[in-house]
Amino acid sequence: MPIISQFFGIAIYMFWREHEPAHFHAKYGDDEITVEIETGVVNGKMTPRALALVQEWRKVHLEELKKEWELVKSKKPLFPIKPLE
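Numbered according to the working numbering, the sequence shown terminates at residue 231, and the numbering increases by one at each position without gaps.
Hint data in this document are derived by calculation from the structure and do not stem from the laboratory.
Check the hints yourself; a few may be wrong.
To be verified - Lysine-lysine pairs mimicking BS3-like chemistry, simulated, CA-CA at most 25 Å apart: (1) Lys-222 / Lys-191; (2) Lys-228 / Lys-213; (3) Lys-205 / Lys-173; (4) Lys-191 / Lys-173; (5) Lys-205 / Lys-219; (6) Lys-212 / Lys-228; (7) Lys-228 / Lys-173; (8) Lys-213 / Lys-173; (9) Lys-212 / Lys-173.
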């Protein structure tokens, strides 16, 4: 599982054998979610504070996430995305 970013104990990652819609995974402790890149729709559970941080990061890095998704579909190496500070 290639981790593309980490911040405040949250790991963000994508898998190469993924399915549409474009999304990423976020893990915080025992909580894990998937987040649609375009819409921010979440599947899974995460604490409200951690979820807010993930959504803020998604909005800041939306264009980069779209590019990463294209790399995922092509099974090409992914690049790190700057963490939330």
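Verification of the hints:
1. For the hint linking Lys-222 to Lys-191, the alpha-carbon distance of about 29 Å lies beyond 25 Å, and the restraint is violated.
2. The straight-line distance between the Cα atoms of Lys-228 and Lys-213 is roughly 14 Å, inside the 25 Å bound, and the hint therefore holds.
3. Under the criterion of a C-alpha separation no larger than 25 Å, the hint pairing Lys-205 with Lys-173 is consistent with the structure, at around 18 Å.
4. For the suggested pair Lys-191 and Lys-173, the alpha carbons sit about 10 Å apart, so the restraint of at most 25 Å is met.
5. Among the hinted pairs, Lys-205 with Lys-219 is consistent with the structure: their alpha-carbon atoms are about 21 Å apart, no more than 25 Å.
6. About 15 Å separates the Cα atoms of Lys-212 and Lys-228, which keeps this hinted pair within 25 Å; it holds.
7. About 17 Å separates the Cα atoms of Lys-228 and Lys-173, which keeps this hinted pair within 25 Å; it holds.
8. Using a Cα cut-off of 25 Å, the hinted pair Lys-213 and Lys-173 holds, with the two alpha carbons roughly 21 Å apart.
9. Note on Lys-212 and Lys-173: the hinted pairing holds, with a Cα-Cα distance of about 20 Å set against a maximum of 25 Å.
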